[in-house]
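Peer 1: Take a look at the letters that make up each chain.
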Amino acid sequence: MRHEIRLKIGPVRFRVGSDWAGPVAALRSLYREYPAADGVPDYSVRLEATRPWRRFIRPSVAVRGDHMLPDALPLDLAHGVLAAEIGMNLQLALGERRWLLLHASSVARDGRALIMTGESGSGKSTLAAVLAARGWRLMGDEFALVDLVTGEVRAFPRATSLKNEAIDEMLLHVAEDRFGAELIGTPKGRLRHLRPDARAIAAMDEPATPALILFPRFGPPEGAEAMGEAETFVRLTQASTNYVPLRRAGYDALTRLVTSVPAVAVDYPDTDSAVALVEHLWAGL
Amino acid sequence: MDEPEATAGVPTRRMLMLGAAGASMVVTIRPALAQTAGSVLTCEIPVPEPRQRGQWIAEDGTVVPPYTKDAVRPPSRPLKGEDVRKALRDRRLLPGTSYEQTQAYTRYMQRLQNGNSGFTCFVSLKMR
Amino acid sequence: MGGAVSRYARLLARVLANPARVAGLDDAAWTGMLTVAVAERLAGTLAARLADVAVPAVVAGWMVNAARQAEMERASALWEAEMARRALAPLGVPVVLLKGTAYVAAGLAAGRGRFIGDLDILVRRSDLPVVEAALLAAGWEWVKPDPYDDAYYRRWMHELPPLIHKTRDRMIDVHHTILPPTARPTPDAALLMADSIALADGLRVLGPQDRIVHAAAHLFADGDLAGGLRNLWDLHGLIGEAGCDGLMARAERHGLGPAVARAGRLAHAMYGTDVPQAWRRLTLADRFYRRRLLAVDGWGRDVRPVTRLLFYVRSHWLRMPPLMLARHLWVKMRR
Amino acid sequence: MLEGFAVVYHPASGATHLLASPVPEILATIAPGRGAATVAEILQRLAATFDLDGDGLAVVTARLAELEAAGLVRRA
Numbered sequence: 001m002r003h004e005i006r007l008k009i010g011p012v013r014f015r016v017g018s019d020w021a022g023p024v025a026a027l028r029s030l031y032r033e034y035p036a037a038d039g040v041p042d043y044s045v046r047l048e049a050t051r052p053w054r055r056f057i058r059p060s061v062a063v064r065g066d067h068m069l070p071d072a073l074p075l076d077l078a079h080g081v082l083a084a085e086i087g088m089n090l091q092l093a094l095g096e097r098r099w100l101l102l103h104a105s106s107v108a109r110d111g112r113a114l115i116m117t118g119e120s121g122s123g124k125s126t127l128a129a130v131l132a133a134r135g136w137r138l139m140g141d142e143f144a145l146v147d148l149v150t151g152e153v154r155a156f157p158r159a160t161s162l163k164n165e166a167i168d169e170m171l172l173h174v175a176e177d178r179f180g181a182e183l184i185g186t187p188k189g190r191l192r193h194l195r196p197d198a199r200a201i202a203a204m205d206e207p208a209t210p211a212l213i214l215f216p217r218f219g220p221p222e223g224a225e226a227m228g229e230a231e232t233f234v235r236l237t238q239a240s241t242n243y244v245p246l247r248r249a250g251y252d253a254l255t256r257l258v259t260s261v262p263a264v265a266v267d268y269p270d271t272d273s274a275v276a277l278v279e280h281l282w283a284g285l
Numbered sequence: 001m002d003e004p005e006a007t008a009g010v011p012t013r014r015m016l017m018l019g020a021a022g023a024s025m026v027v028t029i030r031p032a033l034a035q036t037a038g039s040v041l042t043c044e045i046p047v048p049e050p051r052q053r054g055q056w057i058a059e060d061g062t063v064v065p066p067y068t069k070d071a072v073r074p075p076s077r078p079l080k081g082e083d084v085r086k087a088l089r090d091r092r093l094l095p096g097t098s099y100e101q102t103q104a105y106t107r108y109m110q111r112l113q114n115g116n117s118g119f120t121c122f123v124s125l126k127m128r
Numbered sequence: 001m002g003g004a005v006s007r008y009a010r011l012l013a014r015v016l017a018n019p020a021r022v023a024g025l026d027d028a029a030w031t032g033m034l035t036v037a038v039a040e041r042l043a044g045t046l047a048a049r050l051a052d053v054a055v056p057a058v059v060a061g062w063m064v065n066a067a068r069q070a071e072m073e074r075a076s077a078l079w080e081a082e083m084a085r086r087a088l089a090p091l092g093v094p095v096v097l098l099k100g101t102a103y104v105a106a107g108l109a110a111g112r113g114r115f116i117g118d119l120d121i122l123v124r125r126s127d128l129p130v131v132e133a134a135l136l137a138a139g140w141e142w143v144k145p146d147p148y149d150d151a152y153y154r155r156w157m158h159e160l161p162p163l164i165h166k167t168r169d170r171m172i173d174v175h176h177t178i179l180p181p182t183a184r185p186t187p188d189a190a191l192l193m194a195d196s197i198a199l200a201d202g203l204r205v206l207g208p209q210d211r212i213v214h215a216a217a218h219l220f221a222d223g224d225l226a227g228g229l230r231n232l233w234d235l236h237g238l239i240g241e242a243g244c245d246g247l248m249a250r251a252e253r254h255g256l257g258p259a260v261a262r263a264g265r266l267a268h269a270m271y272g273t274d275v276p277q278a279w280r281r282l283t284l285a286d287r288f289y290r291r292r293l294l295a296v297d298g299w300g301r302d303v304r305p306v307t308r309l310l311f312y313v314r315s316h317w318l319r320m321p322p323l324m325l326a327r328h329l330w331v332k333m334r335r
Numbered sequence: 001m002l003e004g005f006a007v008v009y010h011p012a013s014g015a016t017h018l019l020a021s022p023v024p025e026i027l028a029t030i031a032p033g034r035g036a037a038t039v040a041e042i043l044q045r046l047a048a049t050f051d052l053d054g055d056g057l058a059v060v061t062a063r064l065a066e067l068e069a070a071g072l073v074r075r076a
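Chains as they are written, first to last, in our numbering: chain A, 1 to 285; chain B, 1 to 128; chain C, 1 to 335; chain D, 1 to 76.
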């Protein structure tokens, strides 16, 4: 393709090709501190004009690649970074069979991982970013990769994708030079990427042992309630993009996770109380 | 019988509540399509499918010839997943449509089956 | 012939034929070849072929993904066949597995690592009503509740309108012969059924040479050659196992001599299949087919749009007499 | 709440099922080693271990139909 960039995020290698220079330049900037990703990629993502002339006239980006979903909506060229992010997510969600994928954010401390999963809007990305700003190691804001053999979590620390109010919230915690350009009017609203810190990138190949699973929910009243193994199991099958296709290996990995790691549903009215709750639960492990 | 491998403990008690015959007691874990599509979010639902272009949508969501009595015109563009999700969640009208149109389009989408254009998108919206 | 655009598709074909050829490939060649394999649904097949040769560490992860996906598809396909068997067994009618599911159920080379989508079965035309009713009773339902499509299928096609299982989300195609009745060649469905072979569980597969005839019919007489590299790989394996003795006579009985001969010539040219001397040279038309089979680039993009379009139009031409084609396109267009 | 459910993995289908009572108990009556059974025999085997309430025949028939649809049991 006309423009191309290679990215290595945690253990996963991508190549992203684009009909336009813009999206690749934006990715290059966002991922400038990441190690070089030479070798053979695990996945290819293509950002293509929906029709040849749409490269120039009302340019519109179709997200394609090794794995594609029908019905995917093309994006404005101005939102090319989001298109690339969607493309990379989709490759893992549909194609990955090396790890059990949980749609979850994760952070680590002392080699032990905290996994946070919930619907979009639960604040799991923001929570991970805030915890990272307070000394935790960011492992990822989108997918936690559970090793099928060891049960350890692998990091997938791509740039954190912040939406709407979460952008303003994070600007209180992190210097603005770590942010990418603001994208206005995306299908997800206002969107801005936050570059993970140097520690998250340096440690991205280090696995961590899962120690706590949280199901955060934004909104009062503040509270925490332990979740039983069977409910945790079922909720995590619904948070996994590849539980069913992994068959036996997925069942074994998930069973091991829910029987060895406590799970807690937490409600929180604001970020500070969420951080306090997390620290409290973590101290009690 | 085929042999399932049980994990979580089977409850054993002397009194066995059999429950109602009509209830469903076997639930199978389905692929989490919502999470897959959810990571993508931007999808669209053509109403009706491209191969049925020009047809109208009846009150019950079926596709009918143009100008059929009580049917509504299809939208000029495919519906955006995000608009559909908001409309479903907040019980609001789809942008730029009448009450009758929103009703008919919603029923049309509810009738979609795997293999139809827009099916994956609609399922993912309902599940989030 | 060929050109730079299909370089990696040609590399993939050579490596499938002879896995030892990966020795010394550079990263760019690996990247292009693996991407073409995914696009052509040959990833699992390639991983199976490369299982016993040394590959660089950087492709190990790709291989694991491809091999696990193929194993999952194999197991799911066999389970779907078993559920269809349970639904149809009380009828006592012969049920023949076709294509990918048949290859894995019978343990054929073509099934190794193969991508498998829908379940395809062949039953006697006279059994269609009871088979349809039994499947509907066992949880399958129509994919498209659309009267025109339904009438079209019943009148003109070689299969029931597609059914999907309501909880397993898997499609089943129920055929009563292997080509549409409107197509010019008319395979002998009764002969296919009579010479089919029973597997241990009572399901059946076509006889060895009929499998070749069916695969060739599927590739050349019934489609626009999408996925053709994969289908031709099936033929390579099937011919390797069944041999060519008497093959042409069998093909002629189904009116598919030309399709089988073309399949043999192209399989030899692309995969080095062992075929009679007469099939070791491509005709001018064959070269055009090869051009279409290789129309994918190192990013997995469809290329050669004009060639593709010609084969698309041809596919409709083959299936229908001209007047009917016009009517079909008219009905599709007006809606 | 989901506690009290049995979570089972079925190797042949690759499916994970959640089984609510009385399904695990019914499956136990026809576990490998105990042999196939008619509906009436299943009821007898259940009654040997449990006190039963309700319309046993209708419920066991309905549960077996669900299990058959999931591929967990098969008509002999």
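Quick caveat, the hints were computed from the structure, so don't treat them as lab data.
Take the hints with a grain of salt, since some may be wrong.
As the list claims (entries may be wrong) - Computed cross-link-like contacts, DSS-like style, restricted to lysine-lysine with a CA-CA straight-line distance of at most 27 angstroms: (1) A/K188 / A/K8; (2) A/K163 / A/K8; (3) A/K188 / A/K163; (4) B/K80 / A/K163; (5) A/K188 / B/K80; (6) A/K163 / B/K69; (7) A/K188 / B/K86.
What the hints assert, rightly or not - Label-pair distances were calculated between CB atoms; the ranges are: (8) D/T49 / C/K166: 30 to 38 angstroms; (9) A/G223 / B/R92: 43 to 51 angstroms; (10) C/L310 / B/R91: 27 to 35 angstroms; (11) A/H173 / C/A138: 38 to 46 angstroms; (12) B/L88 / C/A138: 28 to 36 angstroms; (13) C/H316 / B/S76: 46 to 54 angstroms; (14) D/A12 / B/S76: 21 to 29 angstroms; (15) A/A202 / B/R111: 29 to 37 angstroms; (16) B/P31 / D/G33: 32 to 40 angstroms; (17) A/E222 / B/L88: 57 to 65 angstroms; (18) C/G240 / A/A36: 42 to 50 angstroms; (19) D/R75 / C/G243: 36 to 44 angstroms.
Claimed, not checked - Simulated coverage check for chain B against chain D, where a stretch passes if three residues somewhere in it have a Cβ under 8 angstroms from a Cβ of chain D: (20) 15-21; (21) 73-80.
For glycine and all other residues, C-beta sits at the position ideal for the given N, C-alpha and C.
Peer 1: When the structure is checked against the list of hints, which entries are broken? Sort them ascending.
Peer 2: 6, 9, 10, 11, 13, 14, 15, 17 and 21
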